[in-house]
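Protein chains: 2
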Amino acid sequence: MKNFTFENPVKIVFGKDTIAQLPQLLSKNEKIMLTFGGGSAKKNGVYDQVVKALEGYDYTEFWGIEANPRFETLMKGVEAARKENVTFLLAIGGGSVIDGTKFISKAIKYNGDEYELLTNRKIITEYTPLATIVTLAATGSEMNNGAVITVERTHEKLVMSGDFPKFSILDPEILYSLPKFQIACGIIDTFIHTLEQYLTKTGQSRLMDRWAEGILQSLVEIAPELMKPEPSYDAMADFMLSATMALNGFISMGIEEDWVTHMIGHEITAYTNLTHGVTLAIVMPRVMEVLKEEKGDKILQYGERVWGITSGTLEERIHNTIACTREFFESLDIRTSLSGNDIPESVSGKIVERWRSRKWKLGENRNVDADLVRIILDKCK
Amino acid sequence: MKNFTFENPVKIVFGKDTIAQLPQLLSKNEKIMLTFGGGSAKKNGVYDQVVKALEGYDYTEFWGIEANPRFETLMKGVEAARKENVTFLLAIGGGSVIDGTKFISKAIKYNGDEYELLTNRKIITEYTPLATIVTLAATGSEMNNGAVITVERTHEKLVMSGDFPKFSILDPEILYSLPKFQIACGIIDTFIHTLEQYLTKTGQSRLMDRWAEGILQSLVEIAPELMKPEPSYDAMADFMLSATMALNGFISMGIEEDWVTHMIGHEITAYTNLTHGVTLAIVMPRVMEVLKEEKGDKILQYGERVWGITSGTLEERIHNTIACTREFFESLDIRTSLSGNDIPESVSGKIVERWRSRKWKLGENRNVDADLVRIILDKCK
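Which chain is which? The protein sequence lines are L and U, in order. Numbering of the first sequence is given in the numbering used here, commencing with residue 588 and proceeding in unit increments. Numbering of the second sequence is given in the numbering used here, commencing with residue 588 and proceeding in unit increments.
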């Protein structure tokens, strides 16, 4: 096990009707800006619950943070917050709204070129505190300090670190209004966040392995229930909890992490706007295939513990494990190829080119360079 | 899943040579009191490491917090801290030193009768901040806000809630100096903390079940290695991590908990001073046996996933699972009966009497009354 430091100060308020607890969590002395996506919060009743809970509070609203939140959009939020002297941000939405709000929180008090907050990790700014109400289980952003921001002008999807939310409210009942496509993408996003932290080498930490496998096993068990028209509350609650636990540091103590699938997936989205979860479902099985030499032992362990694959040659077991993974994503009505999602072949070339020009060598062994990405993307066709 | 609130602000600094990071964690403006147990910190080199790291700091020392830390001893620490105007407490030891320091932290600024801090949960005091350096993996106290304090005068072992440590330093290499008896008790304490949160009813949260089982499976796997003269660093690290993760709230989100074994174990220790881990190893198998009706489904799941018990009648599987649990404790050279530890029979009578006089009804179903405790203790003979 590697040395590590762990700290996660986010307060989680989880369960039915928990939005009503807002007054116990928020001071009336704050000048609050609520941040939203495109309008689903008004359809699913969340907006009304928030307005009711915030009676007597001083707040303004900022609407329109899109999926894959854009720097250009968020800067309007930053300007609005500055103008209104906002002291507290409350993000109400999924990962995009929360990530976007983390950027706003980081930018409000920054005097320089805000684009640099996405490219220069050394800049230290004073955060404006934020909290979240989660309406989509997927990214885990509600319990970490990371964010992914798209820059439209440059077709970049950039990873930024910001502040942890002060608290996050998670009511599984809100998830009932989501289209099944978003549930499917949330399951896949959670599954692959876990694999990114798990699928490296064996023998680093038995406990972290078990906890990662615990999330994977839970998702495999509840996915069929979640895809039904009316999933049970307990399945929805375990889904929402799993999504939060998959990216809050709890399963990555003292171990190596990969994240190549995410980096390739971000690139696909940056050029095509294809939904994040779909890009991951396309890329992950091919990353496993291309890197099966170095990840083989862990793939075998994953195949045995999550999919019950224990017979056949090692080669066959690895092959079957990758097939199970892909079939799982397909069982959620997600197409796991680029062509199946109408992505033109030219996109792969652009990704490889940028990977080469930036001299990226990623993955736990820092060996996934442009040539390997070419091979991975060719298999994604 | 039940509604729940989760928050754990403790910063964990984990790994080799991490005591040297103290200067990055502690301000030189504090007036610090270091708290210790009986002297092992001087033998195992921890004291020297701390003194070196704290060069230039203003600190005093308080020695002599015993196993099952006593109110009477701790009050001397409170008085010393008041006299020296201490602003920060650094506990260096195992669960007893940490628990005791949580009491000191709670009592320093309290003007009333400090005994009431152990009996009246409604009293609010201003905590003096504390941090820990862990020298014994077992109680998980380094990452929670609970403490158990013994009152010598009344033969009581009382559970108190206090402050979370600001940070906890965990260096697995420190554990190499521990006698195997303490390693064994640490494994058992961790195992039973997990069972207390897990062994209630099925179907509350798949994820929390998997995470609890992950700790149990890890402990079963590494225990033989830990009992060797020179365990591997990775096994020691997984042991230390498991102990911390078993009682920090990570495996108890949204679920019912039991804690009857601990309550009976605390009573045994209060009357006899028998080591905490040993009392748990005696009591838990009998709690499972006596409550097998209501805990049966979960015992079956535990038996299958942790011990691989899948054949036989349900009754046989439950029987074998309890036997495996007891044999596991015995394999660590712990005797799992009261007589095997020279505890006189009269002790059981005193425990039942106090249980009856306080009208306790404990466990997840609030049905473990004095009569049931009598039956459990009779089986412990």
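By construction, these hints were calculated from the structure, which means they are not laboratory data. One should not assume that every hint holds.
No distinction is drawn between identical chains; accordingly, a pair holds when it is met within one copy or between any pair of copies.
Here are the simulated DSSO-like pairs of lysine-lysine, each with C-alpha atoms no more than 30 Å apart in a straight line [stated by the list, open to error]: (1) K670 with K815; (2) K788 with K815; (3) K885 with K696; (4) K968 with K618; (5) K603 with K696; (6) K709 with K598; (7) K753 with K696.
Hint-by-hint comparison with the structure:
Taking the shortest Cα distances, K670 and K815 never come within 30 Å of each other, neither inside one copy (46 Å) nor across copies (66 Å). In this assembly of identical chains, the alpha carbons of K788 and K815 lie at most 30 Å apart only when taken from different copies (25 Å versus 36 Å within one copy). In this assembly of identical chains, K885 and K696 lie within 30 Å of each other by CA distance neither inside one copy nor across copies; the values are 45 Å within and 53 Å between. Neither within a single protomer nor between protomers do K968 and K618 lie at most 30 Å apart by alpha-carbon distance, with minima of 50 Å and 64 Å respectively.
Taking the closest pair of Cα atoms, K603 and K696 never come within 30 Å of each other, the shortest separation being 36 Å inside a single copy and 39 Å across copies. Proximity of K709 to K598 under the C-alpha cut-off of 30 Å is found in both arrangements, the shortest distances being 27 Å within a copy and 22 Å between copies. In this homomeric assembly, K753 and K696 come within 30 Å of each other (Cα to Cα) both inside a single copy, at 18 Å, and across copies, at 28 Å.
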